[in-house]
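Could you put together the complete structure from these sequences and hints?
There are 2 protein chains.
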Amino acid sequence: MNKQELINQIYKKKSFLCVGLDSDLSKIPDHLLTFEDPIFEFNKQIIDATKDLCIAYKINIAFYESNGLKGWNSLMKTIEYIPENIFTIADAKRGDIGNTSEMYARTFFESMNFNSVTVSPYMGSDSVEPFLKFKNKWVILLALTSNKGSLDFQTLIGKNNNELYKEVISVSSKWGDDQNMMYVVGATQAISLLEIRKLIPNHFILVPGVGTQGGSLSDVVKYGINSDCGLLVNSSRSIIYSSSGLDFAKSARLSALKIKLEMEGLLI
Amino acid sequence: MNKQELINQIYKKKSFLCVGLDSDLSKIPDHLLTFEDPIFEFNKQIIDATKDLCIAYKINIAFYESNGLKGWNSLMKTIEYIPENIFTIADAKRGDIGNTSEMYARTFFESMNFNSVTVSPYMGSDSVEPFLKFKNKWVILLALTSNKGSLDFQTLIGKNNNELYKEVISVSSKWGDDQNMMYVVGATQAISLLEIRKLIPNHFILVPGVGTQGGSLSDVVKYGINSDCGLLVNSSRSIIYSSSGLDFAKSARLSALKIKLEMEGLLI
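Listed in order, the protein sequences are those of chains A and B. As numbered in the numbering used here, residues 1 to 268 make up the first sequence, in order. As numbered in the numbering used here, residues 1 to 268 make up the second sequence, in order.
Hints are not guaranteed to be accurate.
Where chains are identical, the list cannot tell them apart; a pair therefore holds if satisfied intra-copy or between any two copies.
No more than 27 Å apart at the CA atoms, straight line, and that leaves these computed lysine-lysine pairs for DSS-like [what the hints assert, rightly or not]: (1) 44 x 27; (2) 135 x 3; (3) 70 x 44; (4) 198 x 137; (5) 133 x 3.
Because the hints were derived from the structure by calculation, they are not lab data.
And the structure:
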């Protein structure tokens with residue numbers, strides 16, 4: 001999916017919501033456990049219930065890997081089930097030396113046809129570039145994450161008085177452009193979007209951390225929106241685990257709708 | 001495996017060689033392609049041919065993931081095939097928010113029974129700690145990697161005049177200890193081991209980059225050895241792809257033996 005197609009979706013649906021499929025066997029409703037593939041059944045129902053409200057699904061690969069072969073099966077079925085006009089994110093946080101990153105890129109972009117993959121910047125340019133070689137595919141690079149540990153290294157101040165995450169953005173934004181790179185900035189650190197927008201006015205930013213992690217949607221928009229919207233705001237647990245009963249999908253829809261309506265009011 | 005058991009293996013075998021199983025369908029000998037699981041057959045023969053010469057196997061997860069379900073199958077069979085007294089490394093470079101890192105930890109430590117997993121430090125303490133909760137399991141944290149891109153961020157100098165990778169080592173070494181943490185330092189940057197040893201005199205260091213990537217074994221030992229040896233030196237492609245003929249396993253053995261004999265001479 002290219003940038004214009006993503007923007008079109010956002011304005012058509014009046015939503016920039018990304019639903020995170022952190023689907024965990026120990027948390028999905030009990031009545032699904034009798035299905036042959038409970039995780040896929042859960043995802044299927046969540047997707048059916050939310051696909052008109054969101055413009056992206058983010059699949060947290062760890063939750064699938066932890067179920068071994070069965071998990072990979074659920075993952076493959078899920079990615080195939082997502083409608084083609086919805087943006088897909090493999091939240092995998094990969095990144096390795098060149099020949100290895102190339103393998104990861106093939107896995108997510110070719111074998112599974114994801115639109116994007118999250119990548120860690122620590123290993124530098126040649127760990128990211130193999131992902132940028134695929135047409136209409138995206139790298140979503142970690143910049144400032146939503147967790148407490150983001151303060152350990154990401155905000156370290158360098159000799160040029162820049163925090164590390166700003167250095168990461170400045171340097172890496174030259175490896176690709178706003179047509180094939182996005183950045184992760186946690187909603188819990190929304191104020192920093194003000195400074196980040198000076199560095200990357202046109203890039204899309206994936207913002208996790210609204211919901212369970214406590215970030216504020218209005219702050220994210222206030223500091224981060226640009227003329228293309230430029231934001232994908234993710235919520236996972238607070239949507240998909242709204243209810244653990246038979247009504248889980250309906251309940252997930254209501255949680256997603258609530259965010260979607262707030263987004264509608266905030267979209268310029 | 002605990003630290004003492006690892007040290008015992010090193011002095012018993014007079015080797016600190018780690019063989020990297022970066023097993024790639026497009027590079028393994030043609031005659032293996034008729035097997036039901038060519039990658040596992042390749043690994044099996046490489047393991048049989050090298051297990052008395054090395055003390056660890058590092059499995060590069062990307063190469064298995066890229067083959068989808070078949071790949072995971074080969075991976076599971078390979079990890080089960082490795083003798084229990086040989087240290088195993090899931091070279092996965094994972095790291096995510098707490099609940100997600102916990103999933104990755106379970107995948108590699110429980111479902112697959114690896115002894116260790118490589119982790120990226122970018123997301124900080126709470127992305128690493130879930131891995132440290134498992135008894136006799138190890139985090140191998142990226143510090144200074146062997147690739148060109150390591151110079152993009154890892155060597156940035158902070159306000160306290162420390163390079164980022166040193167800051168990573170100083171801060172993170174307090175999250176665990178030398179019984180559950182190791183660090184990755186590329187052989188291509190061997191001289192830096194001198195400074196690193198001042199920060200972590202007792203930790204094991206995993207050193208990739210000898211062989212195809214051009215690092216020197218004698219430099220690694222000169223600057224990085226400690227009284228427990230404290231080094232796991234990895235070579236992947238230059239061992240496993242020594243020959244693409246029927247004699248590939250014998251040839252891999254000879255390449256491994258050459259390094260092992262050099263190590264024997266260098267071990268204090």
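Could you tell me which of the numbered hints above are not met by this structure, giving the numbers in increasing order? The structure breaks none of the hints.
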